[in-house]
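Fit chain F to the known structure of chain C by using the hints.
2 protein chains.
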Amino acid sequence: MDADTTTHRYEQLADLIVRMIDNGTLAPGVRLPSVRAIGAQYGISISTVLQGYRLLEDRGILVARPQSGFYVAATQGGTLALPSTSRLRSKASTVSISGAVAALLEHASNSALVPLGCAVPDAALLRSHRLDLALARAARQHGAHYNVYGAPRGELRLRREIARRAMRIGHALSPDDVVITSGCTEAVTLALSSVAKPGDTIAVESPTYFGLLHTLEMLDLKALELPTDPTRGVHVDALARLLDTEPVAACMLSSSFSNPLGSLMPEAQKRELLALLARHAVPLIEDDVYGDIHFMRERPRPFIALDGGANTIYCSSFSKSLAPGYRIGWIAPGAFAQQVMDRKLAFSLCSPVLPQVALADYLASGAYDAHMRRLRRLLEENLLRLTRTIEASFPAGTRVSRPAGGFALWVELPKGFDSRALFDEALEHGICFAPGDVFSASRRFRNCLRLSAGSTWSERIDKGVRRLGELARTQRTEDRGTLAVK
Amino acid sequence: MDADTTTHRYEQLADLIVRMIDNGTLAPGVRLPSVRAIGAQYGISISTVLQGYRLLEDRGILVARPQSGFYVAATQGGTLALPSTSRLRSKASTVSISGAVAALLEHASNSALVPLGCAVPDAALLRSHRLDLALARAARQHGAHYNVYGAPRGELRLRREIARRAMRIGHALSPDDVVITSGCTEAVTLALSSVAKPGDTIAVESPTYFGLLHTLEMLDLKALELPTDPTRGVHVDALARLLDTEPVAACMLSSSFSNPLGSLMPEAQKRELLALLARHAVPLIEDDVYGDIHFMRERPRPFIALDGGANTIYCSSFSKSLAPGYRIGWIAPGAFAQQVMDRKLAFSLCSPVLPQVALADYLASGAYDAHMRRLRRLLEENLLRLTRTIEASFPAGTRVSRPAGGFALWVELPKGFDSRALFDEALEHGICFAPGDVFSASRRFRNCLRLSAGSTWSERIDKGVRRLGELARTQRTEDRGTLAVK
Chain C
1 MDADTTTHRY
11 EQLADLIVRM
21 IDNGTLAPGV
31 RLPSVRAIGA
41 QYGISISTVL
51 QGYRLLEDRG
61 ILVARPQSGF
71 YVAATQGGTL
81 ALPSTSRLRS
91 KASTVSISGA
101 VAALLEHASN
111 SALVPLGCAV
121 PDAALLRSHR
131 LDLALARAAR
141 QHGAHYNVYG
151 APRGELRLRR
161 EIARRAMRIG
171 HALSPDDVVI
181 TSGCTEAVTL
191 ALSSVAKPGD
201 TIAVESPTYF
211 GLLHTLEMLD
221 LKALELPTDP
231 TRGVHVDALA
241 RLLDTEPVAA
251 CMLSSSFSNP
261 LGSLMPEAQK
271 RELLALLARH
281 AVPLIEDDVY
291 GDIHFMRERP
301 RPFIALDGGA
311 NTIYCSSFSK
321 SLAPGYRIGW
331 IAPGAFAQQV
341 MDRKLAFSLC
351 SPVLPQVALA
361 DYLASGAYDA
371 HMRRLRRLLE
381 ENLLRLTRTI
391 EASFPAGTRV
401 SRPAGGFALW
411 VELPKGFDSR
421 ALFDEALEHG
431 ICFAPGDVFS
441 ASRRFRNCLR
451 LSAGSTWSER
461 IDKGVRRLGE
471 LARTQRTEDR
481 GTLAVK
Chain F
1 MDADTTTHRY
11 EQLADLIVRM
21 IDNGTLAPGV
31 RLPSVRAIGA
41 QYGISISTVL
51 QGYRLLEDRG
61 ILVARPQSGF
71 YVAATQGGTL
81 ALPSTSRLRS
91 KASTVSISGA
101 VAALLEHASN
111 SALVPLGCAV
121 PDAALLRSHR
131 LDLALARAAR
141 QHGAHYNVYG
151 APRGELRLRR
161 EIARRAMRIG
171 HALSPDDVVI
181 TSGCTEAVTL
191 ALSSVAKPGD
201 TIAVESPTYF
211 GLLHTLEMLD
221 LKALELPTDP
231 TRGVHVDALA
241 RLLDTEPVAA
251 CMLSSSFSNP
261 LGSLMPEAQK
271 RELLALLARH
281 AVPLIEDDVY
291 GDIHFMRERP
301 RPFIALDGGA
311 NTIYCSSFSK
321 SLAPGYRIGW
331 IAPGAFAQQV
341 MDRKLAFSLC
351 SPVLPQVALA
361 DYLASGAYDA
371 HMRRLRRLLE
381 ENLLRLTRTI
391 EASFPAGTRV
401 SRPAGGFALW
411 VELPKGFDSR
421 ALFDEALEHG
431 ICFAPGDVFS
441 ASRRFRNCLR
451 LSAGSTWSER
461 IDKGVRRLGE
471 LARTQRTEDR
481 GTLAVK
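Same order as they appear, the protein sequences are chains C and F.
Be aware that the first sequence starts at 1, since it is given in our numbering, and climbs by one per residue.
Be aware that the second sequence starts at 1, since it is given in our numbering, and climbs by one per residue.
Bound conformation, chain C alone:
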């Protein structure tokens, strides 16, 4: 949907509907008038109405239901309260989390367990067949040509496709601004080791992705946990106060739909934060792996689009949206290009060539966009189902996040609840999730858990969530019964 200078009738119709949603005339979940009815009402052709509806469907504003019509997408909703904002820790923590992370990952990849702990959509949802065929073709036809050390920066054709897509995140990139990595994990490792030295402090969201904490630990970096709102992300004021007293080597944040909270910082707040960091000459590293999985009108813009990359290192990957098995991520290191390239060369030399060629072919074919439209709808539906099942089965007082993207929910149970005990018990019942304490260097959030909805919704998953709620309700009851003992 490239921009056009003239506004078409279907776009005018789309704008009208958006305004009606914004001012509350059309509520989430409401069915829109039929294409025929609207056509008659506004004197436009049925195909024009359909084009307008499809445009809004592409943007995630409307949802089409087969044999039923178009509905206003229900990105908001739920009757449970939001999780609380995390408190500030004014001191940086050394991280010691590696054992917990390894154990969790082992359970999360165990297909015998109900998969509420997985950090990626499953293969059935991702449907990577066209990509796999591109790989088969490249290997069969051009294997010898690509059996060389690739360019350390990555295959030019892939970097070109990524740069082309950067327009959609609102930031102009050239292929030479991009370095291909082994997933976002290598990108973040290169970024952190480029801006910080052992013993330094990195300011992070709280709760934050346990993999990031693990990387900080292995690089001997400290984590400074910032107070984080479950919808609006990190509190800029709190960061401002900290920067006046604490030496911080870098700030590491999600661009959108943080893991695990799903928070999305409003643009104005992003700008405020960028200005603050620039004043203190503290670089920002952002992780945008969830940005393409949005349920909003437009893809939210990452930080790099707002400061032009002056002080920002951008990291992303295709692991959450298409191909976890391919391990292809990328980094736009901006001012730190030399440091990042040096480390890429020294730590892994270059990335495997054929998977990059296959992904470049796939992206060039245009298949990714249709794929993402489908995936976003499925994951949004999954999250709604997960939310409703939690509402129906978890203890009173449970709070749950309402992300507008991604595929995970952050569930906060009443204080004193022990999600570690629940985790052990759930494993015995064949259910895996991520307990809250691995999302904090200071091992907070013991009363929280992250539930993922990355698998095709099924009876088994539904039952698993209900059983988890039941186990949680039982623990609450037992707690009340044995308060003196605990």
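You may find that some hints are simply not true.
Pairs count within a copy or across copies, as identical chains cannot be separated in the list.
Here are the computed lysine to aspartate or glutamate pairs in the EDC-like style, where the Cα-Cα straight-line distance is at most 20 Å [to be verified]:
#: 1; residue 1: 415; residue 2: 106
#: 2; residue 1: 91; residue 2: 237
#: 3; residue 1: 91; residue 2: 217
#: 4; residue 1: 463; residue 2: 11
#: 5; residue 1: 91; residue 2: 391
#: 6; residue 1: 91; residue 2: 220
#: 7; residue 1: 197; residue 2: 11
#: 8; residue 1: 197; residue 2: 220
#: 9; residue 1: 197; residue 2: 381
#: 10; residue 1: 197; residue 2: 217
Calculated from the structure, these hints are not laboratory results.
What follows is chain F alone, placed relative to chain C:
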């Protein structure tokens, strides 16, 4: 050629031939009697004689020449003297080499230049087609199944194949002892960061692989350059004296056919070195990427086979022998398993799945062994040709290494010679090689160069080497003419 308890006639014949080579009756390069003649002489069938000859061919003791017969392999030879043994530097150097490495790699991958600078055999020699077909098949048939985060340790089937092959290096490994990496570069990075912290000193060969120096620099480690003999490797006595005074966090050596010297430490010396390091509790990291490319009777055993892995971290890859484009290496971290796994997880999470599956299929098919027999012959021939061309065209006083494996030569020109100036001049003539100073943290070896013979020998390469020799001779003449100026 699995071991059998009874000795077959063809094995008795092979033993006889080996004894005749060892006692000098059969000299290198000599043609063996025809299969028919030997059969008549010893009263054995032609097929038995052929089986015996093939056995020795497999071991690199004989070389078959089409329509000519079998010859005693000429692993030694050349009329030029060996390069000198490097001197001890009693102080560790901080490393600052990244710019030089990046520039060299860029030139080395420029296919417009005569490829004497490349560190991998070219695709025409590697003939990876069967591996590529295995990848195409795995992607087409099982793409969805493998579109998940792989096990951080790597695909079990591949680790099993690697463990199976470990018997050939004389060391029993289980699949769980192996971690798959992004080439040997990631393996070495994981090893170094597991045993050393920033500021520590690593003892290395001198000259040593510039990529290792680059990794040391990026990990903020110092290099202590050990005196190294061009055939026998590091001087154990010198290391012993150093360990009494210098704090050394680890020793990092080639298992066989070091890059760039091509040296191979005799087994007794390897044992001595292991005992010394064990006494000082200094771990050894070994890089065995060239071990499979040997021209000897048997594959030389790495250090890990001699100390049972008690104090050794073993790193290797398939990049030099089969598939540089696949970026598949591995590490057997022994006592450092936990530290290495933690870092693998934190720095790159896991490796791409389908390339691992393809390589496992390829190895299980048995194709690798036939492939290596062919490749070893070709590379040995290449090295002989390169040696002869250097003898014929380089200045008087040139010294050259005589490796029994690998595909590179270390060329030492008379003192005062400037290989940097030659490098710049050679580039203008469309020729790339590796100048000596990038093989040293203290930028020694300015009068040396590494020439690779990893490409199919051709008129173009022959002419390139001769032109290089000519340029070197000219520089010598000019030097004498302008001694006062220089």
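Regarding residue 91 and residue 220, is the shortest C-alpha distance of 20 Å or less found within a copy, between copies, in both, or in neither? Only inside one copy: residue 91 and residue 220 sit 16 Å apart there, 27 Å across copies, limit 20 Å.
From the Cα coordinates, with 20 Å as the cut-off, is the pair residue 91 and residue 217 best called within, between, both, or neither? Classified as within: same-chain Cα gap 16 Å, cross-chain 31 Å, threshold 20 Å.
At most 20 Å between C-alpha atoms: does residue 91 with residue 237 qualify within a copy, between copies, both, or neither? within (16 Å within a copy, 50 Å between copies)
For the identical chains here, do residue 197 and residue 11 meet the 20 Å Cα criterion within one copy, between copies, both, or neither? For residue 197 and residue 11, the Cα distance exceeds 20 Å both inside one copy (51 Å) and across copies (59 Å).
If the cutoff is 20 Å on CA atoms, where do residue 197 and residue 217 land: within, between, both or neither? Let me know, please. both (12 Å within a copy, 13 Å between copies)
Measure nothing new, just compare the shortest in-copy and cross-copy C-alpha distances for residue 91 and residue 391 to 20 Å and report within, between, both or neither. neither (36 Å within a copy, 67 Å between copies)
One pair to classify: residue 415 and residue 106, alpha carbons no more than 20 Å apart. Within, between, both, or neither? neither (28 Å within a copy, 58 Å between copies)
Between residue 197 and residue 381, at a C-alpha cutoff of 20 Å, which is it: within one copy, between copies, both, or neither? Result: close neither inside a copy nor across copies, 43 Å intra and 48 Å inter.
With identical chains, the pair residue 463 and residue 11 could be close in the same copy or across copies; at 20 Å between alpha carbons, which is it: within, between, both, or neither? Neither: 43 Å inside a copy, 66 Å across copies.
Since the copies are identical, ignore which copy is meant and state whether residue 197 and residue 220 lie within 20 Å (CA to CA) inside a copy, between copies, both or neither. Intra 8 Å, inter 10 Å, cutoff 20 Å: intra and inter.
The structure does not agree with the numbered hints 1, 4, 5, 7 and 9 stated previously, though it agrees with the rest.
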